[in-house]
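Kindly generate the complete structure, drawing on both the sequences and the hints.
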Amino acid sequence: MALDLVNYTPVASLKGGVLIGLGISILLVFNGRTAGVSGIVSNLVSNFFKDGIWRLAFLLGLVISPVVWSYFSTPIELHIQTSDKLLITSGLLVGIGTALALGCTSGHGIIGLANLSKRSIIATLTFILVAVYSFYLIHHVWSL
Amino acid sequence: MSKKFVFSFFSLLSGLVFGIGLIYSGLADPNKVLAFLDVTGSWDPSLASVMVGAIGVTIVGFAFATSSKKTLLNTTQHFRNQNYFTKKKSVDVRLVVGSALFGLGWGIAGICPGPAFVLLTLDPNKAFIFFFSLISGFVIYAIINKFDWRK
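The listed protein sequences derive, respectively, from chains A and B. Each step along the first sequence adds one to the number in the numbering used here, with nothing skipped, and position 112 is 112. Just so we're on the same page, the numbering used here is the position in the second sequence counted from 1, plus 144.
Keep in mind the hints are simulated off the structure, nothing from the lab. It cannot be assumed that every hint is accurate.
DSSO-like cross-link-like pairs, simulated, lysine-lysine; straight-line CA separation at most 30 Å [unchecked claim]: (1) A/85 x B/147; (2) A/15 x B/270; (3) A/118 x A/15; (4) B/213 x B/231; (5) A/118 x B/270; (6) A/50 x B/148; (7) B/270 x A/85; (8) B/213 x A/118; (9) B/232 x B/214; (10) B/213 x B/148; (11) B/214 x B/233; (12) A/85 x B/233; (13) B/290 x B/232; (14) B/290 x B/214; (15) B/231 x A/85; (16) A/118 x B/231; (17) B/214 x B/147; (18) B/213 x B/233; (19) B/148 x A/85; (20) B/290 x A/15; (21) B/231 x B/214; (22) B/231 x B/290; (23) B/147 x A/118; (24) B/231 x A/15; (25) B/233 x B/270; (26) A/50 x B/214; (27) B/232 x B/213; (28) B/213 x A/50; (29) B/290 x A/50; (30) B/147 x B/213; (31) A/118 x B/148; (32) A/50 x B/147.
Structure, rendered in structure tokens:
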């Protein structure tokens, strides 16, 4: 194991985290809703016509965020390196997995942990540990 | 202005601030996420501080929200019925299996549901492939979930 200190951005990541928390808090105090992204998508897919509007609006906010960002700051250049086959596999696993677990990084990892929910603590430990192992297998063992 | 419009406005604002947070923190960049998961290789621990910042502010958000019985728009606080808040739902197989499947997928591409939406305007061609597959996953789950397996 070696620390990657060149790309280490603790302060920017902390500030970004604060903004994520702020976004969650806005939805909480004004709409009375939790900003768990997988829950929002899952509810939209299974029951589009019940409370669909605020969910669509939230997701639209996510989609346009890079556009608003580039208006105030330098535009972001980033490229997804994963092959199409692996992207399809990954998307299916993330969709079915978070729907089954009733939460993802935002729901369990942030909102649940902020409330010290036992379910969320177990979920977060599980997906982070499995993700570390999955990365290890894919990128170090199989080199896909 | 109609209440629905005001609701949607704050919802959009929430998603926007959330999304900008994802970009600023590095969580929207799959390469950054994968570097965080690369514990045995060249490990970039940055994303740990995203969690610290986000959880810290969310705790304050909940403290403020729960200090009154209604939202600031004088409506029902739906979050009070959610599992994260009630903590009544127990740990079950679905939670662990689901989280494990999610972790498996997250370790492959470094994209979780929030960034999947942000990436649509950053790297559209690749992001749409992931996005389409992600939505398919939710649809497959919704179809399977329509059956009552206990019968």
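Worksheet item: Does residue 290 of chain B pair with residue 214 of chain B here, judged by a C-alpha cut-off of 30 Å?
Response: violated (33 Å)
Worksheet item: residue 290 of chain B and residue 15 of chain A: Cα distance at most 30 Å?
Response: violated (41 Å)
Item to complete: Mind checking the alpha carbons of residue 85 of chain A and residue 233 of chain B for me, to see if they're no more than 30 Å apart?
Response: violated (36 Å)
Discussion item. Please verify whether residue 290 of chain B and residue 50 of chain A have alpha carbons no more than 30 Å apart.
Written reply: holds (17 Å)
Discussion item. So if I understand the rule, the pair passes when the alpha-carbon distance is 30 Å or less; does residue 50 of chain A with residue 148 of chain B pass?
Written reply: holds (13 Å)
Item to complete: Take a quick look at whether residue 231 of chain B and residue 15 of chain A sit within 30 Å of each other, Cα to Cα.
Response: Holds, at roughly 29 Å.
Discussion item. Checking one constraint from the list: CA of residue 290 of chain B to CA of residue 232 of chain B, max 30 Å. Satisfied?
Written reply: At roughly 23 Å apart (the allowed maximum being 30 Å), residue 232 of chain B and residue 290 of chain B satisfy the hint.
Worksheet entry | Hint consistency between residue 148 of chain B and residue 85 of chain A [alpha-carbon to alpha-carbon, up to 30 Å] | Outside the cut-off at roughly 41 Å; violated.
Discussion item. Run the distance test for residue 147 of chain B versus residue 213 of chain B: straight-line Cα separation, threshold 30 Å.
Written reply: Cα-Cα ~19 Å, so holds.
Worksheet item: Are residue 231 of chain B and residue 85 of chain A close enough, with their CA atoms no more than 30 Å apart?
Response: violated (38 Å)
Practice prompt. Given the hint that residue 232 of chain B pairs with residue 213 of chain B, test it: the Cα-Cα distance must not exceed 30 Å.
Written response: holds (20 Å)
Discussion item. So if I understand the rule, the pair passes when the alpha-carbon distance is 30 Å or less; does residue 50 of chain A with residue 214 of chain B pass?
Written reply: holds (21 Å)
Violated hints for the displayed structure, listed by number in ascending order: 1, 5, 12, 14, 15, 19, 20, 23, 25 and 31.
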